[in-house]
Each structure stands twice: as C-alpha cells, then as structure tokens.
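If you want the building blocks of each chain, they are given just below.
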Amino acid sequence: MSDAPSLRTPSQRVAWTATIVISTLVFIFLIAPILAIMPLSFSSGSYLTYPLPGLSLRWYDDFINSPRWMNSLKNSMIIGVASTLLSMALGTLAALGLAQWKSRFKPLVLAFVLSPVVVPGVITAVGLYFFFAPIGLTGSYLGLILAHTALATPFVVITVGATLQSFDTNLARAAASLGASPLEAFRRVILPLILPGLASGALFAFATSFDEVVIVLFMAGPEQRTLPREMFSGIRENISPTITAAAVILTTVSVILLATLEGLRRRNERLKGSEG
Amino acid sequence: MTAVSLTGVDAETKVPLKRRLKRAERARQIKALALVLPLLLFLLFTFAGPIAGMLWRAVDDREVRQVLPQTVTALANWDGKDLPDEKAYAALASDIVAARASGTVAIAAKRLNYALNGFRTILTSTARNLKAVPEPGTAKEALIKINPAWRERNTWTTIRDAGGPVTSFYLLSALDLTRNVDGAIVAASPDQAIYREIFARTFLISISVTALCLILGFPVAYLLAALPSGRSNLLMIFVLLPFWTSLLVRTCAWIVLLQSQGVVNDSLHWLGIIDAPLRLIYNRFGVCVAMTHVLLPFMILPLYSSMKAISPAYMRAAASLGAPPLTAFLRIYLPQTLPGIGAGSLLVFILALGYYITPALVGGAADQMISYFIALYTTETANWGLASALGAVLLLATVLLALVYGKLVQGQQVTGGMKN
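Residue numbers (my numbering), protein chains in the order written: chain A, 1 to 276; chain B, 1001 to 1420.
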C-alpha cells in the first residue's frame, strides 16, 4: 500500500505487511459468517451445506406463509416502533435538560440514565419479570415496550446529547433576540439543526429493541414473540433454512439502518464543513 | 445600555441585578431538571425498581414465617443447644395442621428443602400423618413418632434459620457457603457447592474472549488508524456491519459454519485435511469463537479512537532521535494506546460477564455461564432467592468494573482536553 506510514527499514515493511495480513484475516473472520449464511437461504435443498443443489425462494415463501414467522415480524415492528417513539420523547427531553443542568450530581444522574446499557440483560430481565408479573405486565405488549424503552433511551440520550454539545447556543439566542418565542425558536431553528442527531438516536433505539431477545425470552407470552425470539427457539429446536431466510431479512434491516446512519453522519460532516 | 445594567438596580423592584440573575439561573436549572425528571421516573419504574426488587429477593425470607408463624415465634428464644421445648413442638404441630388446611405446606417445604436436603419429605410426611393437633404435652412424642427427624437438632435449627424475615442464606449459597448447626459460616456440602466453579468459569471465558479480542483487534485498529480516512472508512464497514447485525443472526451463522455437517467441516473434509468431522461447536471452542466475533467491534472501536489521537510526530521524533522502530513502538506508541487497551478490554470483559444467549445456543452443559443459571432458577426451578443472590453477585461485579471503566474513560477525556 502506497499510503502506509513511512516505511524506511525492511523490518518496518515486514511489520506493516504482517499488520495487513492479520487484519485481512480478522476482516474475513468478522464478515464471512454473515456472508456465508446468506446464500443458504436461497437454496432449493433443505440442508445447510455447500454446494447448493439449486436456487429457489422456497424458504422465503415458507417464511411469508408461516403465521408464526410473520406474526413475530409484526411484533418486532410494533414493539420496535413504539419503544423508539417513547424513548425519543423521554431521551430528547432528558438530553435537552442535561445540556443545561449544572450540578455536582450530574455525573451521578448521567451514570444512572446510562446504566441500562451496562447491566447484564439477564439481571434486567429477571428484575422486570418479578416486578411486572404481579401487575399483569408480563405477556403483554405494554410490558415489552416499557422494558425496551428503558434499554433504548440511553442511546438516545448519548446521540442527542452529543449533537446538542456541538450545537451553537448563540443561534437560539439570536432567534430569541429577533423576536421568536421559545417554542418557535425550537421548531424553526434548533430542531432542524439537531434533526440528524435525533434521527441517529431513533435508529439506535429501534435497533436496540429490534435486536433484543433476553427480556422477550422472560416476558413475552406466545402472542408477543418477536423475530429474534422466534429465531432463538428455531436455533434451539432445529436449524431449518427458513431461519437463514429470517436471518437475511434481519440483516437487511440492519444494513438499511447502518446505511441511513452513515448517510446522516456524512450529511452532518458536510454541513459542518460548509460552515467553516 | 451596559452602563444601565451594570448599575445593578432594577428601577421598579429595586432588586439587585446579581440576585435577579441568580433567580433566573435557578429557574433555568429547575426547568432543566424538570426535563430530565420524566426519564428518571420512567427508569425508576422500569429499571431501578425492578433491580432493587431483585436485590431484595436475595435476602427476603418470609415463606416459612408465613406458613409456620407460631413455630418461628416459639423458636425465637431457643438457644439452639438442646432440642427445643414442648412448646415449640406444640406450635409446630398446630402450624402444620393449619397449613395443611390452607394448602401451604409445600411453600414452606420447598424453602426448607433448599437449606436441608430431604426436608420436603420430613414436612409433607408429617403433614400427612398428623391427624389432628395433639393433646397438650404430647406434641413432641407425637411428632417424633411420625418422623424421627424431629429428634435432630439440625431439623430445628433449619426452621429457625429460615424464619426470616431476612436471610443471608441465598447470598451465602451463591458463594458456596452455608451456616452449620451452630450458626457459624462454613463451606457448603460438595453437592451444593457449584457456584464458585461457575463464577470461575464465567471469569475464565470472559478473560479468554477479552484476550482474543485484544490480540485480533489491535492490528486491525492499528491499520484503520494508520490508513488515510477514505480507505479506513471503507474498511470500517467490516467492523460496523457485524456490529449492527443481530446477535441471533451471528450466533446462527456460527452454528451453520461450525456444526459437524457445517461449512467448515465440509470444506476441511473436501480438502482432505480431516477424515471425520471435528467437534467445533456445543463446546468451549464454539463459545469463545462466537463470543469473540460478537464482541470484537467493542474492542476495535475504542482502540481505534485512542490510536487515532496519537500524533505521528511522536514516532517521527523517536526515529529522529535514533530509536529503532521496535523500541519506538514499544516505548512511544504502545504506552499511548494503553488507555484505549484498558477501555476496550474492560468493556469487552464487562459485556462478556453477563453473556447468556450465545453460550446457551453454542455451548455445551459445561460452558454455561452465570447468567444461564440465573435464568434457569428464575423460570425453570423457581428458586427466586438463589437466582436473585447470583444476580446480586454478578451485578456487583459489573457495577465495580463499570466504575473503573467510567474513571478510565473520564481520565482519557481529561488528558485529551489537556493535549488540545
């Protein structure tokens, strides 16, 4: 590679080559498993091995015609969207508040707000299981939405908080001095500027809920099983190619989320660049 | 205008500007707090409350006291040296008859059986054979006749120790400890002392995965930090795509790859390297591989950002001062990546400690980590006290490590700020 760091001695060139070789192997390790199961979902046979006997869409057909899988996809969407909306509302308000709040307790409050990310899933799930069962929130959509909101909100607080940190508060003052009411200033000046941050927060929140399985495992009744939960039982019982079809669908959603996030990041960088 | 405001007196209210500013600032702070409050209340209900409830269950011990209230009261003043007096026997007999009528014998039997194996049989057989409350003065004789276990001091200390309302029993059990008949803390019997091994296993798997992530992640982070941003952004996709792919998808992928009829075994067989399929999954190897795959991005990203912050000028300076490349790397570059190594390793280790899904799906019986047992005791055997106690130990470990992590990351921000 021509743009490697300055390589003057042979030993440096050897070290650099070794770095490239090892990194390439690690990249293969990271990406190969995900790539390897994708073609299997298009197999016409029922064994998960290569070479494929032929190509077909029968496993996608199977997925679409299975009430169990389709119901789980619907559940994932309902719970994902609802907990995203709820965590956006709670998280954005909190991020706005935290940006202005000055107190020596702030690090403590921040640690508390972010702690759902660090605490092992099983502990949160067991706690919620004990806590929600007596009040009828296990085996209900509401219980899962509340639980996923608790897990997703920290990501909203982080992303929106980071956006607010780079936000120039003079713009809000300028709006006020030109006669805008606080609400108008928020809607017409602040909101458009922090919108990419909000969108990233929403994507993180949705991805968190969409991928979560431990809490669903403890709290969902048969009616509320989500896509990852259905995959969990599928993998436990017997891995059919339908699971690989489900995996491809899940991965496609992830790729779309990641691409959107990357697009937002680039747009943000462009905006920042044009200012300077 | 500035002159007017600097005089600091409001024409109408005569309140000094300083105080008015203070008041406005306080109003602003209250408003800010009001914005954070909904989330705090929400998390209290959906996160902190439930976890506090779980911690409470680790010490809560009211089953026996509810089922055998008179017995627990009668034993309160017992010195535990000899068998309890006739009064305690009479209380127990009366409690058992009442419990049988209300159908609650099994609740106490289950709890007492945790502390003393076989207690379930003692209590249920007594409940079955005790026709009515014995005549005054004959309770001791009657109970011992039904089950000689009532002649053992151990039986009675077990009831007394389980009398609640709080207990250290579950927390001690989680650490393979128990109280002997005299109330001293001793090692639990070998058939019940399984949790230290499980904690050690959890620790071992987590540390192996952390080490693997560091070994694999360091060169990648170095490469990404050294390349120009266009190229490293492109390569970053290889790190971010797995990061964003569902955990279930990745676990499923490893099963498809590693199972005995899987892609890896088939390929090795086709290449003529092996004759019989290797056992690559449902064992420790499979768990470590799959967990390393899932956690590697959490190592690469902090390493990358710490390496990105190292100015190439340092290495050039070292070289110009005559340091050989290896010396420059070891003495100039590596020390500056230490905060990144620390942050990445701690993060991976903390996340690995609580792993449940991956070991449950790709591990064998001997590879299950502590989370598996917490889940098992919660949903399958309904030993909620023990599940909560194991959870409390795991939570304590996580919180302590997270505090260290917080200090480390904060320290990095501080030094980062000083450099600028």
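Treat the hints as calculated values from the structure; they're not laboratory data.
Among these hints, one or two may not hold up.
[Claimed, not checked] Facing chain A, according to a computed beta carbon distance under 7 Å, are these residues of chain B, among others:
{"id": "1", "residue": "1244"}
{"id": "2", "residue": "1266"}
{"id": "3", "residue": "1269"}
Where is the CB? At the ideal position from N, CA and C, for every residue including glycine.
Evaluation of the provided hints:
1. 1244: The hint holds - residue 1244 of chain B has a Cβ within 7 Å of chain A, the shortest such distance being about 4 Å.
2. 1266: holds (6 Å)
3. 1269: Where the cut-off is 7 Å and the nearest Cβ of chain A is about 11 Å from residue 1269 of chain B, the hint is violated.
Taken one by one, the earlier hints fail for this structure only at number 3.
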